[in-house]
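These protein sequences, in sequence, are chains A and B. Read left to right, the first sequence gives residues 76 to 187 (the numbering used here). Read left to right, the second sequence gives residues 3 to 115 (the numbering used here).
The hints are simulated quantities; they were obtained by calculation from the structure and are not laboratory data. Owing to the predicted nature of the structure, the values given are computational and were not obtained by experimental measurement. Wrong hints could be hidden among the right ones.
Below, a list of computed lysine-lysine pairs in the DSS-like style, where the Cα atoms sit at most 27 angstroms apart [stated by the list, open to error]:
no.	chain 1	residue 1	chain 2	residue 2
1	B	Lys-3	A	Lys-132
2	A	Lys-174	B	Lys-3
3	B	Lys-70	A	Lys-132
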Amino acid sequence: KAGVTQTPRYLIKTRGQQVTLSCSPISGHRSVSWYQQTPGQGLQFLFEYFSETQRNKGNFPGRFSGRQFSNSRSEMNVSTLELGDSALYLCASSLDRLKEAFFGQGTRLTVV
Amino acid sequence: KQEVTQIPAALSVPEGENLVLNCSFTDSAIYNLQWFRQDPGKGLTSLLLIQSSQREQTSGRLNASLDKSSGRSTLYIAASQPGDSATYLCAVRRDNYGQNFVFGPGTRLSVLP
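Using the sequences provided together with the hints, build the complete structure.
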């Protein structure tokens with residue numbers, strides 16, 4: 076069975092641009108969450124979606140947003156990119172909000 | 003605010019050794035705890051999930067224990083192999099708070115052939 080798929084795997088953007096990352100959860104999983112991983116801050120929670128509704132949001136500025144579609148696929152968007160947004164962005168899915176979470180391979184975003 | 007720490011930060015052992023990785027959390031009101039491994043530049047692979055009502059979980063050479071009242075979990079790896087080299091992360095999920103993990107900083111494990 077296919078795992079969590081994140082696209083693209085790598086991305087280079089310029090400061091001030093915006094970017095959209097995509098996450099396709101494991102088939103049947105309805106909960107999707109996003110995390111940012113940096114060497115300095117480790118893994119930090121961005122937001123969680125369940126049944127197309129944002130259920131939780133981490134402590135990130137409003138430039139970070141997301142959505143979930145009816146097929147459970149999710150996208151996150153970062154506007155007005157800053158150098159500090161360079162990170163590995165990880166998506167996780169689970170059957171429901173409290174079940175075991177499975178992560179994708181991540182999208183490596185570099186802002187120059 | 004929940005804080006998760008992991009000791010040691012790095013560990014290097016010869017192949018075949020049994021080893022223990024430690025995870026501590028400050029708020030015992032957790033719903034469950036999950037252990038992951040991460041290879042360099044890759045995503046996270048789920049190893050074990052322990053519910054707050056459980057004391058331990060086993061999968062192959064891995065055994066994870068949970069002492070919720072003292073805020074501790076350990077991951078025991080038996081007969082370590084070079085392929086076990088990776089960073090091991092523990093993550094706690096708050097009580098009934100959905101898929102919102104608080105992660106520890108990880109333990110970087112090197113198993114030498």
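Check your understanding: What are the numbers of the hints the structure violates, in ascending order?
Key -> none
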